[in-house]
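Visitor: Each protein sequence line maps, in turn, to chains A and B. 1 is the number of the first residue of the first sequence in my numbering; add one for each residue after it. 1001 is the number of the first residue of the second sequence in my numbering; add one for each residue after it.
The hints are simulated quantities; they were obtained by calculation from the structure and are not laboratory data. Heads up, some of the hints might be wrong.
Label pairs and their in silico Cβ distance ranges [to be verified]:
1) B/L1015 x A/W153: 47 to 57 angstroms
2) B/H1010 x A/N122: 30 to 40 angstroms
3) A/L107 x B/A1007: 49 to 59 angstroms
4) B/R1017 x A/G150: 49 to 59 angstroms
5) A/L107 x B/R1032: 15 to 25 angstroms
Facing chain A, from chain B, some residues (calculated, C-beta under 7 angstroms) [stated by the list, open to error]:
6) V1026
7) R1030
8) V1033
9) T1037
10) V1038
11) L1040
12) L1041
13) A1044
14) W1045
15) V1048
16) F1049
17) G1052
All residues carry an ideal CB built from backbone N, CA and C; glycine is no exception.
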Amino acid sequence: MLAVDLGTHFFWITSRAAGIVALLLSSGSVAAGLAISGRFGRMRGPDLRVTHEALSLAALAALVLHAATLLGDSFFHPTVADLLIPFHMNYKEPYMAIGIIGGWGMLILGLSYYARERIGVNRWKALHRLTAVAWILGVIHTLGEGTDAGQLWFLAMTLIVVIPVALLLAARILTTPGSATGNARRA
Amino acid sequence: MQSAHPAPPHPSRELRRRLRARARRVRILRRRVGALTVALLLTAWGAVFAIGPMGHASTASATKVALVYTRGHKTGKRSASKKANAVSSSEGTSSSSSAASTVSPVTTSQS
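The following block holds chain A by itself, in its conformation from the complex (with noise of 0.2 angstroms):
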């Protein structure tokens, strides 16, 4: 087994570790999203809700650890500046900046669920949706930069969680009825 001084890496596994999570949680919960928008989440919508909400917090909780610890890595050493605004730090872009703008992304769409009165309902249900999109950055971000996107067991993980969701999303899209596929099946 590969001896791994811990001191030197704890920081570095954590953010992984964190990285790793925020997707599982974050793709639960665009799961669990679309599931209470679509057709059959409508029997548990309350619970779904909930389940919603959870797993969008703990998502971000989550994502908030991936980058914070990146800051305690003594050998990566960035900056403030460097987690927090897309091409600052030069390095593995553009997957890097990806991440960051989905990052901002799910945590500002996902936070303004609580200023959604402020906002008017509608308008944030309309913003609401490019949680979806800042969810796909996130993923493209994870196979390009991950360190552990080269592994077996990781892209099986990866490829397991995302699939379905993108499935779900891709459903969504379909039958939405503003959708270019709903127009011409009306028409």
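Chain B: place on chain A using the hints.
Guide: Same frame as chain A, but now just chain B:
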């Protein structure tokens, strides 16, 4: 005269009971998601620690890692280059010079 059926509960009492049941369900769901998050984090940490590529360590312990490399342990080439890049971008040293410093003790021991 007593009726055969018990009287229906008072509407406000019934509402309170339902609200209490709902609050309990919400608490349980939140607790489950919290427990799931902690369990996932620990599992992911363990997986990355045990089977994830570690690449190069810091320059202080780079010699130790170089020795591990020569003993035939597989590490991620991708992460090794990542760490080397990180050093060159953040500390202003070239990856080739850090690689040379890691390899040199190995060369000496082999010759």
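Visitor: All hints are to be evaluated individually against the structure, with a verdict given for each.
Guide: These are the hints, each one checked on the structure:
{"no.": "1", "hint": "B/L1015 x A/W153: 47 to 57 angstroms", "verdict": "50 angstroms, holds"}
{"no.": "2", "hint": "B/H1010 x A/N122: 30 to 40 angstroms", "verdict": "38 angstroms, holds"}
{"no.": "3", "hint": "A/L107 x B/A1007: 49 to 59 angstroms", "verdict": "52 angstroms, holds"}
{"no.": "4", "hint": "B/R1017 x A/G150: 49 to 59 angstroms", "verdict": "55 angstroms, holds"}
{"no.": "5", "hint": "A/L107 x B/R1032: 15 to 25 angstroms", "verdict": "23 angstroms, holds"}
{"no.": "6", "hint": "V1026", "verdict": "5 angstroms, holds"}
{"no.": "7", "hint": "R1030", "verdict": "5 angstroms, holds"}
{"no.": "8", "hint": "V1033", "verdict": "4 angstroms, holds"}
{"no.": "9", "hint": "T1037", "verdict": "4 angstroms, holds"}
{"no.": "10", "hint": "V1038", "verdict": "9 angstroms, violated"}
{"no.": "11", "hint": "L1040", "verdict": "5 angstroms, holds"}
{"no.": "12", "hint": "L1041", "verdict": "5 angstroms, holds"}
{"no.": "13", "hint": "A1044", "verdict": "4 angstroms, holds"}
{"no.": "14", "hint": "W1045", "verdict": "4 angstroms, holds"}
{"no.": "15", "hint": "V1048", "verdict": "5 angstroms, holds"}
{"no.": "16", "hint": "F1049", "verdict": "5 angstroms, holds"}
{"no.": "17", "hint": "G1052", "verdict": "5 angstroms, holds"}
Consistency note: the structure conflicts with earlier hint 10 alone.
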